[in-house]
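Asks: Working from the sequences, and respecting the hints, build out all of it.
Counted from 1, the sequence shown has number 322 at position 45 by our numbering; the numbering is strictly sequential.
These are computed hints drawn from the structure, not numbers from a lab. One or more hints might be untrue.
[What the hints assert, rightly or not] Simulated restraints on C-beta separations:
no. : residue 1 : residue 2 : range
1   : Pro-336   : Asp-299   : 36 to 46 Å
2   : Leu-317   : Val-285   : 20 to 30 Å
3   : Leu-281   : Ser-316   : 32 to 42 Å
4   : Pro-336   : Ala-286   : 29 to 39 Å
[Unchecked claim] Capping the alpha-carbon separation at 25 Å, the derived lysine to any residue pairs in SDA-like fashion look like this:
no. : residue 1 : residue 2
5   : Lys-307   : Arg-327
6   : Lys-307   : Ala-296
7   : Lys-297   : Ala-323
8   : Lys-307   : Val-324
9   : Lys-307   : Val-285
10  : Lys-297   : Val-324
11  : Lys-307   : Ala-292
12  : Lys-335   : Val-324
13  : Lys-297   : Leu-281
14  : Lys-335   : Leu-317
15  : Lys-297   : Gln-310
16  : Lys-307   : Thr-321
17  : Lys-297   : Val-309
18  : Lys-297   : Leu-282
19  : Lys-307   : Pro-325
20  : Lys-307   : Glu-326
Beta carbons: idealized from backbone N, C-alpha and C, even for Gly.
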Amino acid sequence: MKYLLPFVALFLLAACQEAKNDEPLPPHSKLVQIPLIDSLGIITIAVPERYDTSFFWKPSR
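Replies: Below you can see the structure in the form of structure tokens.
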């Protein structure tokens, strides 16, 4: 039991390392930054410049 806390701490430290993604953007896409509410952070995603679909959102009543 005395080795459980250090083992869990080392496991969490090793598992929480963020992997660096050096892959280029997909073709015909752009980076978009979306701020989260209450200043929790920013999400950055790659969005296509053009959508290849004929569907659209229609507001429901």
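Asks: Could you work out which of the previously given hints the structure breaks and list their numbers from low to high?
Replies: Per hint list: 4, 9, 11, 13, 14 and 18 violated.
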